[in-house]
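A.B. asks: Spelled out from the first residue to the last, the chains are:
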Amino acid sequence: DSGVTQTPKHLITATGQRVTLRCSPRSGDLSVYWYQQSLDQGLQFLIQYYNGEERAKGNILERFSAQQFPDLHSELNLSSLELGDSALYFCASSDPLGYTFGSGTRLTVV
Amino acid sequence: GQNIDQPTEMTATEGAIVQINCTYQTSGFNGLFWYQQHAGEAPTFLSYNVLDGLEEKGRFSSFLSRSKGYSYLLLKELQMKDSASYLCAVRAAGNKLTFGGGTRVLVKP
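Protein chains in written order, with this note's numbering: chain A, 110 to 219; chain B, 163 to 271.
Think of the hints as simulated: they come from the structure by calculation, not from any bench. Careful: at least some of the hints might be erroneous.
Stated by the list, open to error - Some, not all, of what chain A presents toward chain B, calculated at C-beta under 7 angstroms:
1. G151
2. L152
3. Q157
4. A165
5. S203
6. L206
7. G207
8. Y208
9. F210
10. G213
11. T217
Positions of the beta carbon are idealized from the N, C-alpha and C atoms, including for glycine.
Excised from the complex, chain A in its bound form (with noise of 0.2 angstroms):
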């Protein structure tokens, strides 16, 4: 257990739908990262909140959005769903030595 929990694990909808993924960070963490792994690709950056905030935005679509509340738990939404977004989320926490990752969440779109 990495500490970094993420639900649901499994996530199977259909196109036009909206999700919520959530995560959260290890305890004591103020930073999490939302990334995207769609299959046999590398980890795109979405998103970081640090402590409520968003602090750095990568290639994240306008129909994904993302928050972090007081309790430090983060939430990616992922809304009008298409085919390609089916994907494996990933979040993160980080400290001197770089991430620990959540299991992640691997969303199906049909």
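For this one, chain A is given, so just place chain B on it according to the hints.
C.D. replies: Okay, now just chain B, sitting in the frame of chain A:
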């Protein structure tokens, strides 16, 4: 922006050595990381270099040359369980990591 390149795939024999190269271009370099990722699982930390030179950690070693924008991960005494993707990542300002596309290593008996 940042640009990170690593080979897509490598094949090696059990017990052999494999070297995975990574080249990068970045501003505000603040460390280079290697992660191992088995299919469908989360990446796990392997090594970290911020100064030039070699870091050794058991069967795994990582090298960095900041002036050349170059790193490699060396896997020795390959085992079947080492079949995985190996991700090179560069940290710049703000702690954000940018990942290369990953190198899939296949270890054959």
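A.B. asks: Now tell me, hint by hint, if it's right for this structure.
C.D. replies: Comparing the hints with the structure gives:
Taking 7 angstroms as the C-beta cut-off, the interface hint given for G151 of chain A holds, the closest approach to chain B being about 4 angstroms. Interface hint status for L152 of chain A: upheld, as the beta-carbon distance to the closest one in chain B is roughly 4 angstroms, under 7 angstroms. Below 7 angstroms, beta-carbon pairs count as interface contacts, and Q157 of chain A has one with chain B at about 6 angstroms; its hint therefore holds. Checking A165 of chain A against chain B by beta carbon gives a least distance of about 5 angstroms; that is within 7 angstroms, so the hint holds.
Satisfaction of the interface hint for S203 of chain A is found here, the shortest Cβ-Cβ separation to chain B being roughly 5 angstroms, below the 7 angstroms cut-off. The beta carbon of L206 of chain A comes within 5 angstroms of a beta carbon in chain B, closer than 7 angstroms, and the hint placing it at the interface holds. Among the interface hints, the one on G207 of chain A holds; its C-beta lies about 5 angstroms from the nearest C-beta in chain B, closer than the 7 angstroms criterion. For Y208 of chain A, the shortest C-beta to C-beta distance to chain B is roughly 6 angstroms, which falls under 7 angstroms, so the interface hint holds.
A least Cβ separation of about 4 angstroms between F210 of chain A and chain B falls short of the 7 angstroms threshold, and the interface hint therefore holds. The restraint placing G213 of chain A at the interface with chain B holds, with a minimum CB-CB distance near 6 angstroms, inside the 7 angstroms limit. For T217 of chain A, the suggested interface contact is broken, since its CB lies about 12 angstroms from the closest CB of chain B, more than 7 angstroms.
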